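Given chain S's structure and the hints, the job is docking chain V onto it.
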Amino acid sequence: MKFSEQKIQKVKEIIARFPEGKHKSALIPVLHIAQEENGGWLSVEAMDHVAELLQIKPIEVYEVATFYSMYNLKPVGKFLFEVCQTGPCMLNGSDQIIDHIKQKLGIKAGETTGDGMFTLKTVECLGACGYAPMMQMGKFYKEHLTIDKVDKIIAECRSNAERNN
Amino acid sequence: MGKKILLEKEHIEGIRYFDTYRKNGGYAAADKAFKMSAADVVEEVKKSGLRGRGGAGFPTGMKWSFLAKPEGVPRYLVCNADESEPGTFKDRYLMEFLPHLLIEGLLISSYALGSERTYIYIRGEYAWIEDILDEAIAEANRAGYLGQNILGSGFNCQIYVQRGAGAYICGEETALLESLEGKRGNPRIKPPFPAIKGLWDCPTVVNNVETLAAVVPIILMGGEAYSKIGLGKSTGTKLISACGNINKQGVYEIDMTISVEEFIYSDEYCGGIPNGKKLKACIPGGSSVPILPANLTLKTAKGEARMMTYESLADGGFPTGSMMGSGGFIVLDEDQCVVRHTLSLARFYRHESCGQCSPCREGTGWMEKILHNIEYGKGEMKDIDLLWDIQSKIEGNTICPLGDAAAWPVAAAIRHFRDEFEWHVLNPEEALKRNFGLAHYADPIEVAVG
Chain S
1 MKFSEQKIQK VKEIIARFPE GKHKSALIPV LHIAQEENGG WLSVEAMDHV
51 AELLQIKPIE VYEVATFYSM YNLKPVGKFL FEVCQTGPCM LNGSDQIIDH
101 IKQKLGIKAG ETTGDGMFTL KTVECLGACG YAPMMQMGKF YKEHLTIDKV
151 DKIIAECRSN AERNN
Chain V
1 MGKKILLEKE HIEGIRYFDT YRKNGGYAAA DKAFKMSAAD VVEEVKKSGL
51 RGRGGAGFPT GMKWSFLAKP EGVPRYLVCN ADESEPGTFK DRYLMEFLPH
101 LLIEGLLISS YALGSERTYI YIRGEYAWIE DILDEAIAEA NRAGYLGQNI
151 LGSGFNCQIY VQRGAGAYIC GEETALLESL EGKRGNPRIK PPFPAIKGLW
201 DCPTVVNNVE TLAAVVPIIL MGGEAYSKIG LGKSTGTKLI SACGNINKQG
251 VYEIDMTISV EEFIYSDEYC GGIPNGKKLK ACIPGGSSVP ILPANLTLKT
301 AKGEARMMTY ESLADGGFPT GSMMGSGGFI VLDEDQCVVR HTLSLARFYR
351 HESCGQCSPC REGTGWMEKI LHNIEYGKGE MKDIDLLWDI QSKIEGNTIC
401 PLGDAAAWPV AAAIRHFRDE FEWHVLNPEE ALKRNFGLAH YADPIEVAVG
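As given, the protein sequences belong to chains S and V, one line each in that order. For the first sequence, this note's numbering begins at 1 and goes up steadily by one. For the second sequence, this note's numbering begins at 1 and goes up steadily by one.
Here chain S stands alone, though its shape is the one from the complex:
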């Protein structure tokens, strides 16, 4: 995996936000870009490329990539459901939502469906407690989830995938 010229330009912009010599500060945003470019997860190759771009040691990248929960260190499905299970979501029925997704997709938390379409991840509080239960899907939040709403989201994902094939 290598960044396109356009992404390299973006990396330069990020580095310019920091004083000279403090380019390591760009690591977390650049890892977000690397994950996007690499199909939603960070391979060792992708992390090494980031190290090279920022002129830091690969270990400095690994130790950061393994610390933060948004970086996926193994491949994920086309659609990643990150369902919140913390207190306020639990009070509003997140357990039932998670059970329903597991049953509907036939996977456990942390697994990907056989067709590589969906990954289910249970996550901790995403700051949407007033709109519970909720999950993150890509860049956006899906809030006030119900069983029906989850079914619709899954159907939409499937038809989007078909359309793009």
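Calculated directly from the structure, the hints in this document are not laboratory data. All values derive from a computational prediction rather than experimental measurement. Each hint should be verified, as a subset may be incorrect.
[Claimed, not checked] Listing some non-contacts, in silico: residues in chain S with all C-beta distances to chain V over 12 Å: (1) K2; (2) E5; (3) K102; (4) S159.
[Unchecked claim] With a cut-off of at most 27 Å between alpha-carbon atoms, the simulated DSS-like pairs for lysine-lysine come out as follows: (5) V:K433 with V:K369; (6) S:K22 with V:K183; (7) S:K24 with V:K197.
Glycine is no exception: its CB is placed at the ideal position from the N, C-alpha and C atoms.
Chain V alone, transformed into the frame defined by chain S:
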């Protein structure tokens, strides 16, 4: 009707954009501040009595006055937008709907502190809000409110948004600074405090989103006028994000003069509990603060009405009180199981412990396992004492307050709901069926002080 000064303009269409914000009085505080000296701006904030809105409630003016100003060394202002405390979603609301209020607050505060590079560290999951803030910053640059020689003052300032990548711990200010430097979010040992040695070892102030937004009305009305809103040392207004079992979840701005009872039951705020259910318990300030049973939620141990102020929420200390914290207000109705809820929080803290200090790294895992056993009918009576013992050994024995934050919810749950833990141990099969039959908790129970 409470006084709104932060969210006053939230319903104006297009208030997210510079032109509309400006037309409705936006950046008037910045205009005013740039006619004052930086020291006078700090003085107004001191006079206002504003306290940090992130959770600790430390006086903002005092924090600002600690900032070291060595010659030739840059100073930094960092906005803590890593809102991650379960129950808290107020900063998100502010940034999403009133981004220019934050940018204006940041500009004034940067001027007061002499920060030419100011960073907003926002939690990784708020990806779409990063775009909203970037757009607002670009607009402010075009209008001459950011950039070089702002309003002819000779002051230069740029604001940058840095998005994290999923770590509750980065809400702790020194962990946030580590993360902003491109490292793991391991909190630093204090002292030195960030005011002396912060970002890249330079003097730094870290303030919460709501705190910085509040600087705008403080400059507009003057610190003294601001200090007259509220009760006692709880000056100004506070955003409360209300969630859990209530009719109207959402973000409310309160002037700190109303009672908890009014907040929960009045239609202006939470609108009561759905389906006519009774109040069982409340966590008034984000998941870390002690849970209170219904009677202690509504009244202090002295029998006075519990008010939505820093002082009243903390009245009685931990034995019978709680904390304002971040304003994440979580309500539990009579059907909720405190053991299960505590387990959910314990899992959260185990997941979020950075692993630096053994009491927190190991203790949070043990607490989760023991709670799991009790909840799933495999607990023994001695486990409840063991749980108490573990939490007491985490508290105060870690570098950062995450250890305390993990210990307090467990301690308070056992303190106030011990018989519910015992019931789980005595009735494992019933517990598994989730047939709690504990509605009596909604009624006032005797307060065990101490």
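Quick rundown of the hints versus the structure:
1. K2: Nearest chain V Cβ is 21 Å from S:K2, so the label holds.
2. E5: Given a closest Cβ separation of 22 Å, the condition holds.
3. K102: S:K102 is indeed farther than 12 Å from all Cβ atoms of chain V, at 17 Å.
4. S159: 23 Å, holds
5. V:K433 with V:K369: Judged against 27 Å, a Cα distance of about 20 Å means the pair holds.
6. S:K22 with V:K183: It holds: about 12 Å lies between the C-alpha atoms, which stays within 27 Å.
7. S:K24 with V:K197: 18 Å, holds
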